[in-house]
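Number of protein chains: 2
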Amino acid sequence: MEVGRSLFEREIRKRELRACAEFPVRFAEHEGVLVPAGRIEHATPKRVAVLFSGGPAAGGHNVLVGLKQVLSQLVGVREGFKGLLAGDFFEIQNLDEIKNTGGFDYLGTSRVKIKERVEETLALCKKNHIDALVIIGGDDSATNAALLAPHLQVISVPKTMDGDLQYGKLLPIPFGFDTATKVYAELVGNILQDTKSSLKYWHFVKLMGRTASHVTLEVALQTKPTIAIIGEEQHRLTDIIETIANAVVERSKAGKNYGVVLVPEGLLEFIPEMNQLIGEIDSMLGRHQGTLAELGPDERKQFITINLEQRGLFNFLPSYIQEMLLADRDAHGNLTVSQVETERLLSDLVAKRVQELAPGTKFNVNHHFFGYEGRCGAPSAFDAMLGYNLGLVAGSLILDGRTGYLASLTSLNEGGKAVAIPLSKMMHEEEREGEKEQVIEKALVKLDSAAYKFFVSRQDVWMRTDRFASPGPRQLWGPATNQLPISVALNQGYSSLNF
Amino acid sequence: MEVGRSLFEREIRKRELRACAEFPVRFAEHEGVLVPAGRIEHATPKRVAVLFSGGPAAGGHNVLVGLKQVLSQLVGVREGFKGLLAGDFFEIQNLDEIKNTGGFDYLGTSRVKIKERVEETLALCKKNHIDALVIIGGDDSATNAALLAPHLQVISVPKTMDGDLQYGKLLPIPFGFDTATKVYAELVGNILQDTKSSLKYWHFVKLMGRTASHVTLEVALQTKPTIAIIGEEQHRLTDIIETIANAVVERSKAGKNYGVVLVPEGLLEFIPEMNQLIGEIDSMLGRHQGTLAELGPDERKQFITINLEQRGLFNFLPSYIQEMLLADRDAHGNLTVSQVETERLLSDLVAKRVQELAPGTKFNVNHHFFGYEGRCGAPSAFDAMLGYNLGLVAGSLILDGRTGYLASLTSLNEGGKAVAIPLSKMMHEEEREGEKEQVIEKALVKLDSAAYKFFVSRQDVWMRTDRFASPGPRQLWGPATNQLPISVALNQGYSSLNF
Numbered sequence: 003m004e005v006g007r008s009l010f011e012r013e014i015r016k017r018e019l020r021a022c023a024e025f026p027v028r029f030a031e032h033e034g035v036l037v038p039a040g041r042i043e044h045a046t047p048k049r050v051a052v053l054f055s056g057g058p059a060a061g062g063h064n065v066l067v068g069l070k071q072v073l074s075q076l077v078g079v080r081e082g083f084k085g086l087l088a089g090d091f092f093e094i095q096n097l098d099e100i101k102n103t104g105g106f107d108y109l110g111t112s113r114v115k116i117k118e119r120v121e122e123t124l125a126l127c128k129k130n131h132i133d134a135l136v137i138i139g140g141d142d143s144a145t146n147a148a149l150l151a152p153h154l155q156v157i158s159v160p161k162t163m164d165g166d167l168q169y170g171k172l173l174p175i176p177f178g179f180d181t182a183t184k185v186y187a188e189l190v191g192n193i194l195q196d197t198k199s200s201l202k203y204w205h206f207v208k209l210m211g212r213t214a215s216h217v218t219l220e221v222a223l224q225t226k227p228t229i230a231i232i233g234e235e236q237h238r239l240t241d242i243i244e245t246i247a248n249a250v251v252e253r254s255k256a257g258k259n260y261g262v263v264l265v266p267e268g269l270l271e272f273i274p275e276m277n278q279l280i281g282e283i284d285s286m287l288g289r290h291q292g293t294l295a296e297l298g299p300d301e302r303k304q305f306i307t308i309n310l311e312q313r314g315l316f317n318f319l320p321s322y323i324q325e326m327l328l329a330d331r332d333a334h335g336n337l338t339v340s341q342v343e344t345e346r347l348l349s350d351l352v353a354k355r356v357q358e359l360a361p362g363t364k365f366n367v368n369h370h371f372f373g374y375e376g377r378c379g380a381p382s383a384f385d386a387m388l389g390y391n392l393g394l395v396a397g398s399l400i401l402d403g404r405t406g407y408l409a410s411l412t413s414l415n416e417g418g419k420a421v422a423i424p425l426s427k428m429m430h431e432e433e434r435e436g437e438k439e440q441v442i443e444k445a446l447v448k449l450d451s452a453a454y455k456f457f458v459s460r461q462d463v464w465m466r467t468d469r470f471a472s473p474g475p476r477q478l479w480g481p482a483t484n485q486l487p488i489s490v491a492l493n494q495g496y497s498s499l500n501f
Numbered sequence: 003m004e005v006g007r008s009l010f011e012r013e014i015r016k017r018e019l020r021a022c023a024e025f026p027v028r029f030a031e032h033e034g035v036l037v038p039a040g041r042i043e044h045a046t047p048k049r050v051a052v053l054f055s056g057g058p059a060a061g062g063h064n065v066l067v068g069l070k071q072v073l074s075q076l077v078g079v080r081e082g083f084k085g086l087l088a089g090d091f092f093e094i095q096n097l098d099e100i101k102n103t104g105g106f107d108y109l110g111t112s113r114v115k116i117k118e119r120v121e122e123t124l125a126l127c128k129k130n131h132i133d134a135l136v137i138i139g140g141d142d143s144a145t146n147a148a149l150l151a152p153h154l155q156v157i158s159v160p161k162t163m164d165g166d167l168q169y170g171k172l173l174p175i176p177f178g179f180d181t182a183t184k185v186y187a188e189l190v191g192n193i194l195q196d197t198k199s200s201l202k203y204w205h206f207v208k209l210m211g212r213t214a215s216h217v218t219l220e221v222a223l224q225t226k227p228t229i230a231i232i233g234e235e236q237h238r239l240t241d242i243i244e245t246i247a248n249a250v251v252e253r254s255k256a257g258k259n260y261g262v263v264l265v266p267e268g269l270l271e272f273i274p275e276m277n278q279l280i281g282e283i284d285s286m287l288g289r290h291q292g293t294l295a296e297l298g299p300d301e302r303k304q305f306i307t308i309n310l311e312q313r314g315l316f317n318f319l320p321s322y323i324q325e326m327l328l329a330d331r332d333a334h335g336n337l338t339v340s341q342v343e344t345e346r347l348l349s350d351l352v353a354k355r356v357q358e359l360a361p362g363t364k365f366n367v368n369h370h371f372f373g374y375e376g377r378c379g380a381p382s383a384f385d386a387m388l389g390y391n392l393g394l395v396a397g398s399l400i401l402d403g404r405t406g407y408l409a410s411l412t413s414l415n416e417g418g419k420a421v422a423i424p425l426s427k428m429m430h431e432e433e434r435e436g437e438k439e440q441v442i443e444k445a446l447v448k449l450d451s452a453a454y455k456f457f458v459s460r461q462d463v464w465m466r467t468d469r470f471a472s473p474g475p476r477q478l479w480g481p482a483t484n485q486l487p488i489s490v491a492l493n494q495g496y497s498s499l500n501f
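As they're listed, the protein sequences go chains P and R. So in the working numbering the end of the first sequence lands on 501, straight run, no missing numbers. So in the working numbering the end of the second sequence lands on 501, straight run, no missing numbers.
Some hints could be false.
Which copy is meant is left open, so a pair is good if it fits within one copy or across any two.
Within a straight-line C-alpha distance of at most 30 Å, the following computed BS3-like cross-link-like pairs (lysine-lysine) qualify [said to hold, decoys possible]:
id, residue 1, residue 2
1, K444, K129
2, K171, K255
3, K115, K171
4, K364, K438
5, K202, K115
6, K115, K427
These are calculated hints, taken from the structure and not from any lab test.
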């Protein structure tokens with residue numbers, strides 16, 4: 003029973019992966035990017051290191067499988083840049099065991115950054131005879147890749163379950179987003195089915211995804227919930243509460259004392275007055291650290307809040323949120339947004355408002371936060387295909403002698419086309435911790451995008467009716483296997499939801 | 003995009019269901035139960051009503067599909083006994099839309115019981131020309147069926163996601179358990195994969211399932227987590243804390259500052275001293291209602307706890323658990339167990355103990371409660387098959403003129419064999435709210451069962467190593483489709499895990 007772990011894992015290892023071209027391919031420049039220009043027949047063997055950086059995402063193991071297929075010598079780095087700086091390398095041999103499996107556990111990962119340690123990183127690579135480096139990670143990791151690229155051959159492979167690393171037609175979506183959203187969408191669909199069956203609960207569901215609301219938008223398109231909040235709309239907190247409370251009252255009048263509200267993890271950062279409040283408190287905490295350390299909880303609260311411009315908002319919030327806002331910050335001086343129970347904050351404020359609008363309205367609430375259970379799922383058929391092909395593209399770029407490129411796959415509805423984007427093209431200037439820096443832009447949900455506009459056109463119907471969908475568990479075999487993320491298909495203008 | 007809801011739902015409706023015999027069948031007595039004895043060729047048409055009772059479970063819609071196939075006139079009752087008592091009936095026509103879908107939303111359900119309203123129920127059935135009634139529900143509903151059976155033709159169909167309605171070889175498992183445990187097992191497997199990838203979290207996961215720990219045992223067998231607590235072991239709270247804390251320290255010494263602990267929803271009820279404490283508080287709350295209503299929170303706490311035998315335990319508990327224990331009870335005078343955050347209670351006590359055992363040990367914790375997301379999932383292939391066949395068996399029993407039977411399916415590993423158990427055989431005497439009553443027994447995890455013994459033989463290895471399994475999303479097509487619940491296969495002595 004314990005051989006090969008589970009039946010599912012034994013079987014997925016046998017699933018064939020389809021390459022979108024005959025790899026390894028050579029590349030040629032075309033309109034500012036690299037596109038395939040034939041097969042590489044003979045390549046100089048290189049010793050190539052590969053590492054994961056940041057949170058896990060489904061499909062990462064298949065990137066390794068793709069790389070190993072085109073590169074003769076592949077060296078694994080344990081625990082990301084942390085392992086690289088510690089010289090923790092090993093030779094990668096057979097990858098049959100991890101083919102199509104979820105997680106980053108084959109190499110491990112870390113959030114260590116190398117911005118201030120570029121020299122050291124280069125020296126360590128040289129010492130370990132590394133000819134080239136493949137960095138599998140999100141926007142921060144791509145920025146790291148760009149820093150190293152002038153000095154060492156480096157290729158970046160885009161991963162993120164958050165979906166916040168996108169670049170128009172050239173980078174429709176990194177690997178990991180599809181699996182996470184399909185895991186969450188199944189659960190949300192099941193809960194919607196439960197509300198319609200047991201007829202007595204409102205569920206407030208917070209979805210992982212850091213700042214941007216891509217995950218929430220995609221899950222909304224897949225499940226058609228009663229309400230979904232998109233952070234990028236930048237509504238005021240009171241307006242959000244009003245919208246939900248009105249829906250609760252309206253549905254209750256129609257005999258529907260149930261529903262599902264989707265809440266993006268990063269919502270609070272987008273609420274202008276909330277943002278201002280957090281900023282004001284951050285600044286007070288930073289400026290008066292010494293004084294505050296000597297105060298008791300009540301004095302501390304008074305000291306911080308007495309001169310806040312957003313004092314009204316602060317007093318409007320439930321006490322557990324006040325406490326959280328006043329708590330000490332992480333090492334970077336930031337509030338750990340994922341720890342704010344936004345789903346509970348909203349439901350508490352809505353409960354109060356509902357009783358003002360229509361006293362006696364039934365409003366029984368459950369809360370959920372879906373996060374970790376989506377990052378490490380077995381890759382969907384889409385992510386399995388995407389990860390594998392990104393590995394093949396990245397390996398080909400290495401053999402073709404390219405550096406400072408991000409491997410990508412376009413035309414996903416037509417079997418996929420390899421492309422490589424110069425990291426320099428993706429960089430832009432941003433202010434981070436008070437200093438201007440060249441970084442890869444974090445992609446937010448665009449309010450003029452096709453996916454968002456479709457959502458807006460339907461949300462009223464979804465709120466009034468129970469026209470939800472239950473997308474079910476993602477399938478690796480059979481007729482429901484080859485589904486694209488809906489938001490990606492809409493934004494790329496594909497005519498089909500299948501790949 | 004909104005036609006047929008999701009691609010998955012459109013496709014599962016087309017999945018064929020296999021009947022385990024040529025239905026409708028006649029029955030004959032054999033060793034105290036009914037077994038098939040040939041096909042019914044001509045049956046008197048009957049007007050048969052059907053209702054769901056209690057929480058939703060996956061496969062219920064297929065019971066209706068099975069019933070409809072053998073019965074000419076099927077009448078749906080909306081919202082369980084609540085709808086029956088309100089005369090809320092409708093003629094069931096085509097069921098293609100709900101075939102293989104999750105939830106109880108086609109009829110709705112309720113928790114209304116009819117113990118004191120038998121006469122009224124019978125009169126309503128008569129008034130609506132109901133010849134027979136099919137009750138789809140758990141142990142309480144089967145007890146209700148037994149009450150009605152002498153006066154009206156009644157057949158009971160066993161459902162429960164909790165798995166606590168079992169009857170040896172005759173009733174291996176009701177529908178709903180397999181889907182719920184497969185949903186939870188996927189999520190737990192994903193989280194295990196995440197711990198091994200990000201290497202820094204302990205996750206405490208509470209699993210729905212009411213009193214019994216069947217769900218937790220099944221999910222443990224599927225995922226092989228670091229630790230799983232089985233309520234029926236009846237350990238003392240301090241022993242449970244000691245076990246987990248020792249594991250945390252031992253694994254930390256081996257460089258593993260991560261793990262997953264499974265906690266059954268009903269755990270607290272099984273901890274003898276906790277049970278005693280809850281009982282003592284319940285009794286104080288019941289006896290001194292009037293006095294307590296006039297006291298402030300602190301006085302109330304002192305009044306209730308001053309004479310408790312388990313005062314030491316009470317003081318050992320974190321304040322939020324103390325508050326919960328002192329809160330007012332539900333209409334039946336019981337504590338709502340599912341609302342106690344057992345997963346947080348355990349992790350808080352473990353955190354304290356770990357620092358005593360090995361100061362400085364890293365112990366970062368996340369909490370989860372998986373419940374509603376498992377009850378209404380699309381049925382697994384197993385539950386789809388089971389629900390459909392139970393419907394065929396129940397319909398056949400009606401046509402064969404039987405009353406007071408529970409429809410069941412045995413020999414699940416050999417395609418399934420129909421059987422009907424007299425409800426009278428399953429009844430036993432129990433004390434409920436101070437009175438002796440004849441009820442269907444709630445099945446707990448037996449400590450001498452094959453499934454539990456297998457778990458015990460492996461749990462030490464799972465704790466020390468990372469030999470977890472990621473069972474993946476349940477599959478409706480392909481080679482990983484036909485999996486039985488592991489605990490059922492072990493307890494029934496099947497030689498294969500497939501059906």
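Tested hints:
In this assembly of identical chains, the alpha carbons of K444 and K129 never lie at most 30 Å apart, being 34 Å within a copy and 66 Å across copies at closest. Taking the closest pair of Cα atoms, K171 and K255 never come within 30 Å of each other, the shortest separation being 45 Å inside a single copy and 49 Å across copies. With identical chains, the CA atoms of K115 and K171 are at most 30 Å apart within one copy only, with a shortest distance of 29 Å there and 59 Å across copies. For the identical chains of this complex, K364 and K438 are neighbours neither inside a copy (51 Å) nor across copies (36 Å), given an alpha-carbon limit of 30 Å.
Only between protomers do K202 and K115 lie at most 30 Å apart by alpha-carbon distance; the minimum there is 17 Å, versus 48 Å within a single protomer. For the identical chains of this complex, K115 and K427 are intra-copy neighbours only, at 22 Å inside a copy versus 68 Å across copies, given an alpha-carbon limit of 30 Å.
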